[in-house]
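K.L.:
Got chain A sorted already, so can you dock chain B onto it with the hints?
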Amino acid sequence: MSGPSSSDASSGTLKDKTGMCSSVFKENITEKRIADFCAAIGLPVSKEAPPTFMTVFRGGEFELLQKLGLQLSKALHADQHYEYYGPICVGDSIQFETQVSQVLEKTSPKQNMQFLTLETRLQQIGPHEVKLIGKAVATLVFREVLEPK
Amino acid sequence: MNSSSVDFHSFPSITLETLKKYASASGDFNEIHTNESVAKKVGLPGIIAHGMLIAAYIARRAQDYAEQECSLKDFEMAEFQTRFKAMTLLGDTPSVGGTVRTQSESELILDLVAKNQKGEVTTTGIAKFKRHPA
Chain A
1 MSGPSSSDAS SGTLKDKTGM CSSVFKENIT EKRIADFCAA IGLPVSKEAP
51 PTFMTVFRGG EFELLQKLGL QLSKALHADQ HYEYYGPICV GDSIQFETQV
101 SQVLEKTSPK QNMQFLTLET RLQQIGPHEV KLIGKAVATL VFREVLEPK
Chain B
150 MNSSSVDFHS FPSITLETLK KYASASGDFN EIHTNESVAK KVGLPGIIAH
200 GMLIAAYIAR RAQDYAEQEC SLKDFEMAEF QTRFKAMTLL GDTPSVGGTV
250 RTQSESELIL DLVAKNQKGE VTTTGIAKFK RHPA
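Chains as they are written, first to last, in this note's numbering: chain A, 1 to 149; chain B, 150 to 283.
Just chain A, same shape as in the assembly (with noise of 0.2 Å):
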């Protein structure tokens, strides 16, 4: 019975979740954090991260789904946006936090949708000051194919 009855329970509550935050995570750039990522897409190792780089800090993100009970297998990913307030360079150290920005829910006799925002603010941590340096917005979509009645 793990039917349309079942995420109906579940999507009452997903709404509710806005807001939520995951834990705060931190890491230390490694050269070989940013070599195997260059090396991963293709590119030649550098000291400053590529764009797309900010896709590892998605420790919040899992984090997030597990609480909420939702798959990664289950997720498409529809959307993602980064901005860029400063580069990411071997020897830094990052800290971040993703919250549940918004939930939609589409439903149609066919299917039920629902899709999450989660924004996940990067943040360097300096000697002296804590810098926030990106932001990362990425939509996940979770599709439930309903049953013909």
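No lab work stands behind these hints, which were simulated from the structure alone.
Cβ atoms here follow ideal geometry from the backbone N, Cα and C, with glycine treated the same way.
Warning: the hint list may mix true and false statements.
If we take Cβ atoms under 7 Å as the criterion, some of the chain B residues that face chain A in the derived model are [as the list claims (entries may be wrong)]:
(1) Y171
(2) A174
(3) N179
(4) A205
(5) A208
(6) Q230
P.N.:
This is chain B only, laid out in the frame that chain A set:
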């Protein structure tokens, strides 16, 4: 040659090795990108590429374009937005190109798309560059 276009460049065909490498470098271990039976179980035709891998190719093309235009030397990416329209499957060969929406003293905006070998648009990307504050 139209000065307002960004020529299409091809990227290597998507292999399982590419996706495994990207999974471990990005930390996205969603098994639909590496395990065929998991992909099929959730209703996909087979293993699909990480959308963000194709987005990385779009961002690469945008940066290459900005670097090749010497007038844009002091420009850096301020914003990047990508939308996933269709899946990229194992064996597909993406290519990326598009148009220059705005080019001025202070700003460059590129509208790019990634197509598969059949010419279908799989992913779109908007890259905004701003002049580096001197």
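K.L.:
Look at each hint and say if it fits the structure.
P.N.:
Against the structure, the hints come out as follows:
The beta carbon of B:Y171 comes within 4 Å of a beta carbon in chain A, closer than 7 Å, and the hint placing it at the interface holds. Among the interface hints, the one on B:A174 holds; its C-beta lies about 4 Å from the nearest C-beta in chain A, closer than the 7 Å criterion. For B:N179, the interface hint holds, since its Cβ comes within 7 Å of a Cβ in chain A; the closest pair sits about 5 Å apart. For B:A205, the suggested interface contact is upheld, since its CB lies about 4 Å from the closest CB of chain A, less than 7 Å.
This hint holds: B:A208 has a C-beta 4 Å from the nearest C-beta of chain A, less than the 7 Å allowed. For B:Q230, the interface hint holds, the least distance from its beta-carbon to any beta-carbon of chain A being 4 Å, beneath 7 Å.
Consistency note: the structure conflicts with none of the earlier hints.
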